[in-house]
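Peer 1: Here's the letter readout for the chains.
There are 2 protein chains.
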Amino acid sequence: RCFHFCKLPGRVMGIRLLRFTSVVIIVLLLVAGALTALLPTIKDDKLPNSRREPKTQSQSALDSFTLIMQTYNRTDLLLKLLNHYQAIPHLHKVIVVWNNIGEKTPEEMWNSLGPHPVPVVFKVQTVNRIRNRLQNFPDLETKAVLMMDDDTLVSAHDLAFAFSVWQQFPEHIVGFVPRKHISTPSGVYSYGSFELQNPGFGNGDQYSMVLIGAAFFHSGYLEDFQQQPEAVYALIDETQNCDDIAMNFLVAKHTGKPSGVFVKPVDIRNLEKDTNSGYSGMWHRAEHLLQRSYCVNKLVNIYDGMPLKYSNIMISQFGFPNYANHKNKM
Amino acid sequence: RCFHFCKLPGRVMGIRLLRFTSVVIIVLLLVAGALTALLPTIKDDKLPNSRREPKTQSQSALDSFTLIMQTYNRTDLLLKLLNHYQAIPHLHKVIVVWNNIGEKTPEEMWNSLGPHPVPVVFKVQTVNRIRNRLQNFPDLETKAVLMMDDDTLVSAHDLAFAFSVWQQFPEHIVGFVPRKHISTPSGVYSYGSFELQNPGFGNGDQYSMVLIGAAFFHSGYLEDFQQQPEAVYALIDETQNCDDIAMNFLVAKHTGKPSGVFVKPVDIRNLEKDTNSGYSGMWHRAEHLLQRSYCVNKLVNIYDGMPLKYSNIMISQFGFPNYANHKNKM
Numbered sequence: 001r002c003f004h005f006c007k008l009p010g011r012v013m014g015i016r017l018l019r020f021t022s023v024v025i026i027v028l029l030l031v032a033g034a035l036t037a038l039l040p041t042i043k044d045d046k047l048p049n050s051r052r053e054p055k056t057q058s059q060s061a062l063d064s065f066t067l068i069m070q071t072y073n074r075t076d077l078l079l080k081l082l083n084h085y086q087a088i089p090h091l092h093k094v095i096v097v098w099n100n101i102g103e104k105t106p107e108e109m110w111n112s113l114g115p116h117p118v119p120v121v122f123k124v125q126t127v128n129r130i131r132n133r134l135q136n137f138p139d140l141e142t143k144a145v146l147m148m149d150d151d152t153l154v155s156a157h158d159l160a161f162a163f164s165v166w167q168q169f170p171e172h173i174v175g176f177v178p179r180k181h182i183s184t185p186s187g188v189y190s191y192g193s194f195e196l197q198n199p200g201f202g203n204g205d206q207y208s209m210v211l212i213g214a215a216f217f218h219s220g221y222l223e224d225f226q227q228q229p230e231a232v233y234a235l236i237d238e239t240q241n242c243d244d245i246a247m248n249f250l251v252a253k254h255t256g257k258p259s260g261v262f263v264k265p266v267d268i269r270n271l272e273k274d275t276n277s278g279y280s281g282m283w284h285r286a287e288h289l290l291q292r293s294y295c296v297n298k299l300v301n302i303y304d305g306m307p308l309k310y311s312n313i314m315i316s317q318f319g320f321p322n323y324a325n326h327k328n329k330m
Numbered sequence: 001r002c003f004h005f006c007k008l009p010g011r012v013m014g015i016r017l018l019r020f021t022s023v024v025i026i027v028l029l030l031v032a033g034a035l036t037a038l039l040p041t042i043k044d045d046k047l048p049n050s051r052r053e054p055k056t057q058s059q060s061a062l063d064s065f066t067l068i069m070q071t072y073n074r075t076d077l078l079l080k081l082l083n084h085y086q087a088i089p090h091l092h093k094v095i096v097v098w099n100n101i102g103e104k105t106p107e108e109m110w111n112s113l114g115p116h117p118v119p120v121v122f123k124v125q126t127v128n129r130i131r132n133r134l135q136n137f138p139d140l141e142t143k144a145v146l147m148m149d150d151d152t153l154v155s156a157h158d159l160a161f162a163f164s165v166w167q168q169f170p171e172h173i174v175g176f177v178p179r180k181h182i183s184t185p186s187g188v189y190s191y192g193s194f195e196l197q198n199p200g201f202g203n204g205d206q207y208s209m210v211l212i213g214a215a216f217f218h219s220g221y222l223e224d225f226q227q228q229p230e231a232v233y234a235l236i237d238e239t240q241n242c243d244d245i246a247m248n249f250l251v252a253k254h255t256g257k258p259s260g261v262f263v264k265p266v267d268i269r270n271l272e273k274d275t276n277s278g279y280s281g282m283w284h285r286a287e288h289l290l291q292r293s294y295c296v297n298k299l300v301n302i303y304d305g306m307p308l309k310y311s312n313i314m315i316s317q318f319g320f321p322n323y324a325n326h327k328n329k330m
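In order, the protein sequence lines correspond to chains V and A.
The first sequence: position 320 = 320 (full-length UniProt numbering), numbered continuously.
The second sequence: position 174 = 174 (full-length UniProt numbering), numbered continuously.
Possibly wrong hints are sitting among the right ones.
No distinction is drawn between identical chains; accordingly, a pair holds when it is met within one copy or between any pair of copies.
Straight-line C-alpha distance at most 25 Å; calculated DSS-like pairs for lysine-lysine [said to hold, decoys possible]:
#1 Lys327 <-> Lys273
#2 Lys264 <-> Lys80
#3 Lys264 <-> Lys327
#4 Lys309 <-> Lys327
Worth flagging that the hints you see were computed from the coordinates, not collected in a lab.
Kindly produce the complete structure, drawing on both the sequences and the hints.
Peer 2: Okay, here's the thing in structure tokens:
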């Protein structure tokens with residue numbers, strides 16, 4: 001026998017109650033949905049489009065870097081440099097981008113002279129293209145990439161320091177070779193180094209690019225590079241140049257800040273003249289620098305604006321090599 | 001004559017309708033309130049406990065800084081330095097902390113020699129205490145403070161550059177005088193400069209403090225400083241020293257990172273010997289450095305741990321004064 005609870009309203013009242021309840025529930029769901037859309041999304045510290053790390057990723061992938069070195073017609077220099085770079089602190093792996101089409105890699109010789117401190121992977125290419133080095137290699141396990149030209153030697157001290165700097169500026173290209181663009185009254189940009197006039201923002205010079213042929217950058221940018229407009233690839237392929245300028249455009253667009261952080265190297269050497277091959281590198285071509293100015297202007301068209309920003313920050317290592325290298329006569 | 005609309009339910013139905021509507025509204029408000037609490041709070045770029053800026057704050061308060069200079073018994077140097085600092089780019093105002101108790105400030109003379117580029121405020125103190133300069137002055141309108149000792153001249157070029165660096169590292173003390181602490185096997189810390197052994201983290205030296213007697217820092221830290229344990233004030237008052245070490249502890253605790261960023265000065269001068277007063281500054285006291293080691297250990301006790309962190313980043317200005325100051329023989 002039920003008393004109060006059973007004193008249900010009439011059937012008509014029951015239907016009205018049901019209807020009101022449904023309306024209430026629907027309205028609540030709509031409001032909740034609308035407000036939920038305003039909740040903050042979980043911040044991911046990776047770059048957009050970067051692959052999510054597996055939870056089992058080892059510590060080493062966070063505290064070490066992968067050297068990517070593209071090589072063409074200078075295998076003697078390559079091997080000399082591999083002996084140097086294989087032992088750099090915090091190096092995880094070396095990826096050699098083998099642009100010597102049809103030629104065997106030195107992998108056999110490499111193995112016969114083992115053991116080695118780190119694994120070296122030879123990526124055989126099918127076409128000799130400068131942008132081969134900017135592929136998103138599946139062999140990459142680290143967040144950081146160190147990209148080096150196959151004729152450049154940077155001391156372990158410089159690299160260890162620059163890597164620690166990159167860890168503090170992971171969204172920037174942290175490297176040893178600064179360059180800049182300048183505006184001209186005609187609106188046409190020109191590319192150069194410090195021999196060009198200063199951009200005119202206060203005292204001193206500024207740089208707006210750090211070249212990737214001797215620099216650390218986040219591996220996520222290789223992934224981003226695969227998503228660029230076709231015209232970028234066409235430009236790089238046409239000139240066999242400017243992949244580094246394109247990367248600086250990409251990074252500057254991504255961060256809204258200067259793309260690079262310049263670390264002043266203590267010991268950086270160009271081994272070009274030491275090669276037996278007689279091959280002397282793309283930058284000796286007559287049109288090399290003109291091409292780079294051309295690329296800057298083309299990229300501004302492609303990206304519909306100039307994303308590069310200037311910086312005048314120059315980083316050196318406190319107390320090294322000279323423990324009193326910051327001393328003031330106060 | 002109304003037809004459908006007037007066919008109101010009975011009085012009882014009307015009350016039920018009203019009741020349901022009220023319930024719906026109340027539930028919706030509760031849900032909305034709950035979800036709104038989950039919405040992201042507007043990110044304030046000020047430090048916690050910093051006062052909220054009035055909406056009418058001018059652009060200048062963001063792009064300029066306030067010079068705070070404490071002075072005792074060196075009014076000749078003060079006036080010389082005021083002539084220099086009053087014209088530094090991006091200076092908003094000068095606050096002179098007048099520790100000459102009972103003595104008239106040079107305000108009359110200052111005014112008679114006007115006009116001046118910026119306002120100067122003389123804050124007359126009642127007790128000659130070193131931590132007077134760390135008050136949260138209501139005259140402060142800028143986010144940035146430049147704190148200078150009254151015997152230190154830093155060139156306008158250095159200051160303009162360091163200010164631009166501070167704007168990129170606003171939570172750090174950006175300045176010209178690096179110092180460090182070192183651990184010893186006994187667990188007792190010692191304080192010093194680069195003549196002390198390197199802390200032993202890789203190559204070269206490290207610094208863990210940047211002294212505030214020639215540095216930029218966020219004005220919010222002055223507010224934070226008012227919230228420190230009483231023992232900190234007692235320590236500073238007892239030693240008439242270490243206010244800068246205490247500030248570095250505060251900043252390091254706040255950020256969890258190295259407190260300072262060292263900018264290598266091109267032109268920094270100590271004018272001590274130039275004073276007519278014969279007064280030569282606290283750091284000449286025999287016990288000065290021993291006091292500072294003592295302060296480091298006391299502060300570790302007070303804060304229950306060592307928050308200072310090491311850095312080896314040394315920042316210089318690219319292409320200034322020498323436009324080729326980063327040139328490599330590659």
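Peer 1: Decide, hint by hint, whether the structure agrees.
Peer 2: Taking the hints in turn, this is what the structure says about them:
1. For the identical chains of this complex, Lys327 and Lys273 are inter-copy neighbours only, at 20 Å across copies versus 37 Å inside a copy, given an alpha-carbon limit of 25 Å.
2. When the C-alpha separation of Lys264 and Lys80 is checked against a cutoff of 25 Å, the pair qualifies only within one copy, where the shortest distance is 24 Å, while the shortest distance between copies is 36 Å.
3. Within a single copy, Lys264 and Lys327 get their C-alpha atoms as close as 18 Å, and across copies as close as 9 Å, so both meet the 25 Å cut-off.
4. Taking the shortest alpha-carbon separations for Lys309 and Lys327, only the inter-copy value of 21 Å comes in at or below 25 Å, while the best intra-copy value is 32 Å.
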